[in-house]
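To get the numbering used here, take the position in the sequence shown, counting from 1, and add 11.
Treat the hints as calculated values from the structure; they're not laboratory data. Hints may contain errors.
[Said to hold, decoys possible] Derived Cβ-Cβ restraints for the label pairs, each shown as a range:
id	residue 1	residue 2	range
1	Ile288	Pro643	56 to 62 Å
2	Gly383	Ser356	44 to 50 Å
3	Ala591	Glu564	56 to 62 Å
[Claimed, not checked] List time: in silico BS3-like cross-link candidates among lysine-lysine, alpha-carbon distance up to 30 Å:
id	residue 1	residue 2
4	Lys254	Lys189
5	Lys308	Lys644
6	Lys424	Lys308
From the three backbone atoms N, C-alpha and C, an ideal C-beta is built for every residue, glycine too.
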Amino acid sequence: MLKIFVWHLWWGVHFKTPKSSTSYFSNTATAPTNWITYEPVMLCICIHIKNSRIVIDDCKETSEALWKWVSQNRLFHLGSKQCLGLDIFTTSLSRLKMVDCNSELMLWWRCADASILGASQYKVTVKSTYVTASINATDQWRSNNSSDVICQYPYHEIYTKDGNSYGKPCEFPFLYNKMWHHDCIQDETHMGGKWCATSEDYTRDGKWGICLQPEDGCHDIWKHDPGSESCYQFNTQSALPWKEAYISCQRQGGDLLSIQDGSELSYIQAKDDIAEIFWIGLNQLDVSGGWQWSDHKPLNFLNWHPDMQSLSPLDGTSCVVMNAASGQWQSYHCGTPLPYICKKSLSEVPRLPEFWRHLDTRCDSGWLPHNGFCYMLVNSEASWSTADELCKANKSNLISIHSLADVELVVTKLHNDAKEEIWMGLRNEDVPTVFKWSDHSAVVFTYWDQNEPKVPFNSTPNCVSYSGELGQWRVKSCEEKLKYACKKKGEILNETKSDESCSLEEGWERHGNYCYKIYKTEVSFGVQCNLTVMNRFEQEFINSLIRKHTKVEEKYFWTGLQDIGQSGIYSWGTVDGEKAEAVTYTNWNSLQPEFSGGCVAMPSGKYLGRWETKDCKATKAFSVCKKYIGLPKKPEVLPKPTDPCPPGWHNGSGLACYKFFHSERVLRTRTWEEAERFCEALGGHLPSFSHSEEIKVLHSILRKIISNDRWVWIGMNKRSPDSLGTWQWSDDKPVNEYDTRDCTSQFSRRSFWRFYFHEGRDLEFYFKPFDCEAKLEWVCQITKGKLQLHPFIQMQEFIIYGFLLDEVIQATELQHLRTLLNFS
């Protein structure tokens, strides 16, 4: 039911997925709801349709007061079976109209700060007893007689199977038998199952498919493998891009296919009803890392196509297909429409051991004690086999890594972020590839570097190193000589006591140089603690604390993050009178940060640890306290805004240097990933912003270079499945500014409408979401004081990372090339 509170003030609420959801998407199309408005006297009234007029009246649980979000960002009224339209060329009281859902009027709506926003920034508002639209409206709309904004349960596509639509999503509402239908329907003429039309007029077009919705067990459209606890759905007649195939599987409580061993590969290949090639869950859409399964299973079994060994970082093929005949896996452009296979488990996935703990450990001299194990970094270099023998001679094994907690140990304690490659115990001796730990422990976690694992075709053995700087893994020749790390069990001194510096009896637990404690009294923001979260390792530890101390779903825990001045910029509060920490990491939940002026809390349960904006005073949540117990902190040496940019780069705001690759200097435009990889090859990334001032400076630089309007790629994206649909920067800069996050230009259903920053309508620049496969010009950004990298060039063939130079740079002479790219 869609209800409205009308307040002439600025406040908002968090988004919360329904408890019945099996993934981060809603299970079905948005449920009907009614809009309620609370006037300052707290009178509860709802929107009704009377004599085709949109009015407010007393609330009644009837279809006359029920609405729901449907396809194309439209609002559908169940009573009249019409959509809410906007006519900006008429008088104020009649701008809103109920019209057929195929009307030529503007039917597209979106939410912004709990307002309902249409074309030209007209907002839904109440005047007297009528509901209309006004540019200056400040009405805040809520749902279900609660503090939930109407966008809390946004419309999500329902995909289809079989029929004649190649897996396309349902179109709601659709016209069938002279009636508009807003949900899947069932009759005997369409295979006996629930079906929908995939165009708005089924009578005219005849396009349909069976609705793919969550179901318990494996029935009808799922096939159970008797040798496992897995079910599979073979969408052979579908043709979807990778991301849509992934979403289709997720909304059914599953995921795109992951393959864990040879027997599972054989089971899939033996099926008669699979396509020649089809999407699987393997991807590297997170540009900061390498290949990974979308369901987060470890990637230690591989069956790469031979061409994968020569894959260029600039190819921009970040998704993987499987060939049914050969069983081999090959990268593919993610936007290609293809069949796909979904997979889900019949039983609950067993929880891994708790890795985030502190155990006092005793080790021999020269070994580093850490949580029950002893570690030694050997600075002399050796081949993998020699390193393995030397560790065994020391009654240990080459290091095995089983979690992010182990990665944190490697990066912060063994190497102190040193840029060096170290042998670890992971090795393959099989075809197809199966990486195994030399200490015979199970592979439950993988952490591959960009474009890895890159395994030579039919060539064994293959060994793995990790980076001392980031901890990510790379496949190397086993004969290469590297430093290595050994690991063995240590003597645990006392399992009942975490650390002398953190009193377990008082509820404190240690992680690194900090102690943490959860207070289970629900309070307003800032009453007890101002928790800061500085990186993903600390976030994972805090998640483990919440998981350990809270068994109840949807309890919230305050962080110290707050939009103090209601400017849209979120920052950490002060702790113990010390200077506030800079925001170096964010972990927003889906569709967050949702509004300005809020405080940030983390939920337990399904979205454990994901950040959500809350009302600072009205919301009550538990607290997580944090105190420092280490040595006095040394001031960090940071780049300065006065540091120079490399020659040929433009001086930007703060620490940024920019270089623009536009059509006057390059022969072809690039997809988002191709542009990002290009910038990485120069030692940078696509641009990222912490404040709108930085955007203005870049805009000014671009205007000095070009005179006409352009679209250029920047680093904001939501490609990674782990992002839960939230925006991220490609350089991992935190998204902590509400204004920046919500800057977008969009197309309406039938006409072009432009939406600028919410703070003004006359800005000369704005963001617009594009399909990642679109080809645009781009800007690269590097940090001041940092040297530009010089990508390897074979001048004989004019190759740069696999691309012909005449495709990359419009240059006929080497000197001109060096002038453009600044090679020297």
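Any hints from earlier that this structure breaks? Give me their numbers in increasing order, please. 2, 3, 4 and 5
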